[in-house]
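Residue numbers (the numbering used here), protein chains in the order written: chain A, 1 to 256; chain B, 1 to 256.
Just so you know, the hints here were simulated from the structure itself, not pulled from any lab data.
Hints are not guaranteed to be accurate.
It does not matter which identical chain is meant; a pair holds if it fits inside one copy or across any two.
[Unchecked claim] Restricting the straight-line Cα-Cα distance to at most 30 angstroms, the calculated cross-link-like pairs of lysine-lysine (DSS-like) are: (1) Lys172 x Lys244; (2) Lys213 x Lys172; (3) Lys246 x Lys213; (4) Lys24 x Lys246; (5) Lys246 x Lys22; (6) Lys24 x Lys172; (7) Lys213 x Lys22; (8) Lys244 x Lys24; (9) Lys244 x Lys22; (10) Lys246 x Lys172; (11) Lys24 x Lys213; (12) Lys233 x Lys213; (13) Lys244 x Lys196; (14) Lys22 x Lys233.
All of these numbers come straight from a predicted model, not from anything done at the bench.
Below, each chain spelled out in residue letters.
Protein chains: 2
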Amino acid sequence: MAAIVTAAMLVIGDEILSGRTKDKNIGHLADVMTAVGIDLKEVRIVADDTAAIAGAVNALRAGHDYVFTTGGIGPTHDDITADAIAAAFGVPCRYDPPSYALLEAHYARRAMEFTEARRRMARMPEGAVPIDNPVSVAPGFRIGNVHVMAGVPQVFQAMIGNVLPTLRAGTKVLSLAIACPYGEGDIGTPLAAIQKAHPETSIGSYPRYVGQKFSTEIVVRGRSQDVIDAAGKEVEAMIEDIRKAKAIGENHSAEA
Amino acid sequence: MAAIVTAAMLVIGDEILSGRTKDKNIGHLADVMTAVGIDLKEVRIVADDTAAIAGAVNALRAGHDYVFTTGGIGPTHDDITADAIAAAFGVPCRYDPPSYALLEAHYARRAMEFTEARRRMARMPEGAVPIDNPVSVAPGFRIGNVHVMAGVPQVFQAMIGNVLPTLRAGTKVLSLAIACPYGEGDIGTPLAAIQKAHPETSIGSYPRYVGQKFSTEIVVRGRSQDVIDAAGKEVEAMIEDIRKAKAIGENHSAEA
Numbered sequence: 001m002a003a004i005v006t007a008a009m010l011v012i013g014d015e016i017l018s019g020r021t022k023d024k025n026i027g028h029l030a031d032v033m034t035a036v037g038i039d040l041k042e043v044r045i046v047a048d049d050t051a052a053i054a055g056a057v058n059a060l061r062a063g064h065d066y067v068f069t070t071g072g073i074g075p076t077h078d079d080i081t082a083d084a085i086a087a088a089f090g091v092p093c094r095y096d097p098p099s100y101a102l103l104e105a106h107y108a109r110r111a112m113e114f115t116e117a118r119r120r121m122a123r124m125p126e127g128a129v130p131i132d133n134p135v136s137v138a139p140g141f142r143i144g145n146v147h148v149m150a151g152v153p154q155v156f157q158a159m160i161g162n163v164l165p166t167l168r169a170g171t172k173v174l175s176l177a178i179a180c181p182y183g184e185g186d187i188g189t190p191l192a193a194i195q196k197a198h199p200e201t202s203i204g205s206y207p208r209y210v211g212q213k214f215s216t217e218i219v220v221r222g223r224s225q226d227v228i229d230a231a232g233k234e235v236e237a238m239i240e241d242i243r244k245a246k247a248i249g250e251n252h253s254a255e256a
Numbered sequence: 001m002a003a004i005v006t007a008a009m010l011v012i013g014d015e016i017l018s019g020r021t022k023d024k025n026i027g028h029l030a031d032v033m034t035a036v037g038i039d040l041k042e043v044r045i046v047a048d049d050t051a052a053i054a055g056a057v058n059a060l061r062a063g064h065d066y067v068f069t070t071g072g073i074g075p076t077h078d079d080i081t082a083d084a085i086a087a088a089f090g091v092p093c094r095y096d097p098p099s100y101a102l103l104e105a106h107y108a109r110r111a112m113e114f115t116e117a118r119r120r121m122a123r124m125p126e127g128a129v130p131i132d133n134p135v136s137v138a139p140g141f142r143i144g145n146v147h148v149m150a151g152v153p154q155v156f157q158a159m160i161g162n163v164l165p166t167l168r169a170g171t172k173v174l175s176l177a178i179a180c181p182y183g184e185g186d187i188g189t190p191l192a193a194i195q196k197a198h199p200e201t202s203i204g205s206y207p208r209y210v211g212q213k214f215s216t217e218i219v220v221r222g223r224s225q226d227v228i229d230a231a232g233k234e235v236e237a238m239i240e241d242i243r244k245a246k247a248i249g250e251n252h253s254a255e256a
């Protein structure tokens with residue numbers, strides 16, 4: 001039996017919702033989860049608002065094996081993620097002594113003042129475990145099944161790299177991508193029949209619109225190569241059937 | 001008094017959650033909403049799953065003035081958005097006669113078969129109003145405060161262009177961006193004091209990490225130029241104060 005492990009992501013930050021910053025972390029986490037066999041089931045983006053963050057975290061951690069958050073763990077007044085996560089778990093937010101010592105030593109080495117703002121980065125909910133930050137020292141943290149990480153992509157990616165070995169991976173979803181020169185309007189009916197005949201696969205079709213013509217990428221997903229190959233063969237045959245029908249009909253349009 | 005109008009977005013599609021497709025619509029909607037003075041408050045990404053779509057739509061439409069969805073309105077079996085939205089509103093999903101006629105004529109003109117798959121694109125919940133699609137004809141639709149649009153970016157952008165004139169805009173949020181050569185650890189404490197003294201503004205700081213050094217973009221937002229300018233002057237003075245203090249301390253690090 002395939003092991004199903006699910007995850008959700010929470011992106012925190014006014015700057016994403018205003019359009020000022022374009023998110024780069026969702027696509028990265030999606031790629032990483034797929035690579036290790038964890039199903040990313042939902043993503044939410046919320047503002048720098050305690051109630052919004054806590055509400056989303058509580059909804060997501062109840063419904064999924066893992067939750068990953070990005071953003072709002074820096075040193076400034078709008079970085080309220082640690083407090084909001086503490087509120088979500090109903091525990092106090094306080095300095096983590098090892099993280100405090102790490103940051104204190106880091107700034108001492110650089111002869112930089114360990115300001116109140118910098119000390120803020122050692123705060124995390126009671127019971128949380130730090131997540132190492134090899135890029136810029138200030139840690140993320142894990143509490144329960146929630147992994148709280150930085151929004152700066154370089155730091156987020158490094159933290160996810162540290163977290164991955166601790167996760168229980170599922171059976172990887174394998175996929176087969178088939179380029180189809182026809183639009184979804186041509187393939188929709190026969191493709192639905194193939195999907196129905198192969199319920200152990202998930203067949204998706206992704207339209208592309210280039211040069212005023214639609215084409216499609218058909219993706220067959222499943223947790224064993226055999227089931228994918230069987231459905232894939234039928235998809236190839238379907239494309240060939242459409243080609244023949246169009247040649248007969250002298251209708252070479254690739255419109256949807 | 002500033003008029004506050006809020007919006008939420010729902011991105012629908014397995015391909016975004018698997019990482020196969022990188023979303024381009026969130027950033028576009030965020031930019032457009034900011035430009036017209038509507039506050040985008042939340043985004044969710046869910047799978048091609050009726051319960052997930054209907055649950056998210058019902059949560060979002062209850063909490064915001066407008067909801068915008070992208071994805072899942074094409075002709076194939078995995079395009080289940082219209083049915084899921086109908087389920088969310090508790091109404092039947094049926095062919096919209098004007099949209100059916102439009103598509104039928106479109107394919108007749110091109111001598112293309114009006115397949116069952118293509119006819120699917122004329123389906124929408126009872127009570128929905130079509131949203132024109134100038135790119136590829138198949139319409140989106142509006143039901144209540146929910147606007148259902150295509151996931152292909154060119155089509156989504158065209159549909160949003162058609163929807164915008166129908167929306168009630170709020171008082172625009174104006175913003176002032178100030179480049180700051182120092183990291184958040186340097187500015188955190190004084191910036192929090194400026195935010196506290198200017199509660200009618202929202203001051204954000206966005207760290208950048210380039211060449212192993214942090215710098216910051218400080219953004220002052222507000223709904224009148226006067227309040228932004230007053231806070232902005234204090235931010236500029238703060239940066240100058242840090243510069244002087246660092247010159248004295250001979251500490252030129254820009255680390256966080």
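Hints, verified against the model:
1. Lys172 x Lys244: Intra 36 angstroms, inter 56 angstroms, cutoff 30 angstroms: neither.
2. Lys213 x Lys172: neither (34 angstroms within a copy, 38 angstroms between copies)
3. Lys246 x Lys213: Answer is within: at 16 angstroms inside a copy they meet the 30 angstroms cutoff, but 59 angstroms across does not.
4. Lys24 x Lys246: Answer is neither: 41 angstroms inside a copy and 33 angstroms across each miss the 30 angstroms cutoff.
5. Lys246 x Lys22: neither (42 angstroms within a copy, 32 angstroms between copies)
6. Lys24 x Lys172: Both, since 23 angstroms and 26 angstroms are each at most 30 angstroms.
7. Lys213 x Lys22: both (28 angstroms within a copy, 21 angstroms between copies)
8. Lys244 x Lys24: Result: close neither inside a copy nor across copies, 43 angstroms intra and 35 angstroms inter.
9. Lys244 x Lys22: Answer is neither; intra-copy 44 angstroms and inter-copy 34 angstroms both fail.
10. Lys246 x Lys172: Classified as neither; 38 angstroms inside a copy, 52 angstroms across copies.
11. Lys24 x Lys213: Cα proximity of Lys24 and Lys213: in one copy and across copies (29 angstroms, 20 angstroms).
12. Lys233 x Lys213: within (25 angstroms within a copy, 52 angstroms between copies)
13. Lys244 x Lys196: within (23 angstroms within a copy, 71 angstroms between copies)
14. Lys22 x Lys233: Classified as between: cross-chain Cα gap 27 angstroms, same-chain 39 angstroms, threshold 30 angstroms.
Checked against the numbered hints above, the structure violates hints 1, 2, 4, 5, 8, 9, 10; every other hint is satisfied.
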